[in-house]
Structure formats: structure tokens, C-alpha cells
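Engineer: Sequence:
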Amino acid sequence: LAAIQHYTPIHFAPKGSYAPTVEDPAWQRHVGLTNDPRVLAFNSLLEIWGVGSSSAAKLMLWGISSPADLRRDKEAYESLNSAQRIGLRHVEDFKKRIPRAEVEEIGKVVREVVDALGEGKLRTELCGSYRRGK
Numbered sequence: 066l067a068a069i070q071h072y073t074p075i076h077f078a079p080k081g082s083y084a085p086t087v088e089d090p091a092w093q094r095h096v097g098l099t100n101d102p103r104v105l106a107f108n109s110l111l112e113i114w115g116v117g118s119s120s121a122a123k124l125m126l127w128g129i130s131s132p133a134d135l136r137r138d139k140e141a142y143e144s145l146n147s148a149q150r151i152g153l154r155h156v157e158d159f160k161k162r163i164p165r166a167e168v169e170e171i172g173k174v175v176r177e178v179v180d181a182l183g184e185g186k187l188r189t190e191l192c193g194s195y196r197r198g199k
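By our numbering, the letter at position 78 of the sequence shown is numbered 143, and the numbering carries on one by one without gaps.
In short, the hints are calculated from the structure, not lab data.
Remember, it's a predicted structure, so these values are computed and weren't measured experimentally.
Beta carbons are placed, not taken as given, at the ideal position from N, Cα and C, and that holds for glycine.
One should not assume that every hint holds.
In silico lysine-lysine, PhoX-like type, Cα no more than 20 Å apart, as pairs [stated by the list, open to error]: (1) K173 - K139; (2) K161 - K123; (3) K160 - K173; (4) K160 - K199; (5) K173 - K186.
Pairwise CB distance ranges, derived in the manner of DEER restraints [said to hold, decoys possible]: (6) P164 - E190: 29 to 37 Å; (7) E140 - L182: 22 to 30 Å; (8) D180 - R150: 34 to 42 Å.
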């Protein structure tokens with residue numbers, strides 16, 4: 066108990082308000098967990114599309130601490146559903162950023178299709194890091 070007394074407690078928050086969780090990088094920085102190997106392993110497993118906190122925790126109990134470990138462990142790999150297997154196969158691809166020019170080209174095509182199908186009643190907007198200018 067003495068080892069964790071300095072951590073900020075986590076409280077349940079009303080629906081729609083912010084409540085920090087162990088998955089929140091800001092909370093991890095606040096409590097000094099950014100270099101903890103267990104947190105780093107947990108976060109690397111969360112990078113796999115379809116793997117949430119409970120799946121990541123289960124995998125860690127099996128000794129899996131990275132996508133590479135998961136690829137090597139046949140039993141753990143077999144426990145993944147089809148979406149998670151696709152996510153594991155493409156985890157490195159999903160980390161790559163799409164160049165802004167390419168995003169603009171894709172956005173233009175999507176807008177044209179939406180405008181044609183929506184007869185001017187629908188609106189499209191490029192979101193995510195593109196909208197934030199990153």
C-alpha cells in the first residue's frame with residue numbers, strides 16, 4: 066500500500082465527463098508510469114486494432130508483451146478473433162502517417178461521391194490529425 070499511496074486516486078465520473086484511466090497517457094505521465102515496462106507492454110498491445118484493455122491484460126498474463134511476442138506464441142495468437150488477427154498483421158502499417166497531399170486527394174474523391182449520392186444534403190469533413198494540422 067505504501068508504494069502506491071502517492072498516486073492520484075481515480076474516481077468514477079458522471080456520464081459525459083472526463084475520468085482518467087490507466088490507458089490515458091496524460092494520467093500515465095502524471096503518476097510517473099511512462100517508463101514502467103508493464104505500461105509500455107500494455108500500450109504496445111493496445112496498438113493492435115481490436116485489442117482493448119481486457120484483451121491486452123489477458124495477453125500480458127500469458128507473458129505476451131509486444132506484437133512480436135504475440136506473433137510467436139501460437140496459443141495466444143489462436144485466442145485472437147479475426148479482427149484482432151488483421152490488426153496484428155497490419156499493426157506497423159496502421160502506425161504510418163498518410164501524407165497530407167494523399168489525404169486531400171482521398172478527401173476530394175469521397176466528397177465527390179458523397180455529393181453525388183447525397184444530392185447536396187450531406188456534408189463531409191476530413192478529421193483526425195489532418196484537421197488538427199498534423
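Engineer: A separate judgement is required for each hint: does it hold in the structure or not?
Structural biologist: Structure-based check of all given hints:
1. With a CA separation close to 43 Å, the supplied pair K173 and K139 exceeds the 20 Å bound.
2. This hinted pair does not check out: K161 and K123 have alpha carbons roughly 27 Å apart, beyond 20 Å.
3. Restraint check: the Cα-Cα separation between K160 and K173 comes to about 23 Å, which exceeds 20 Å; the hinted pair is violated.
4. Annotation: proposed proximity of K160 to K199 holds, straight-line Cα distance about 14 Å (limit 20 Å).
5. Only pairs whose Cα atoms come within 20 Å are accepted, and K173 paired with K186 is accepted, the gap being roughly 17 Å.
6. Taking the beta carbon of each, P164 and E190 are about 19 Å apart, not inside 29 to 37 Å as hinted.
7. As the Cβ distance of E140 to L182 is approximately 46 Å, the hint placing it in 22 to 30 Å is violated.
8. For D180 and R150, the hinted distance range of 34 to 42 Å is satisfied, since their beta carbons lie about 36 Å from each other.
Violated hints for the displayed structure, listed by number in ascending order: 1, 2, 3, 6 and 7.
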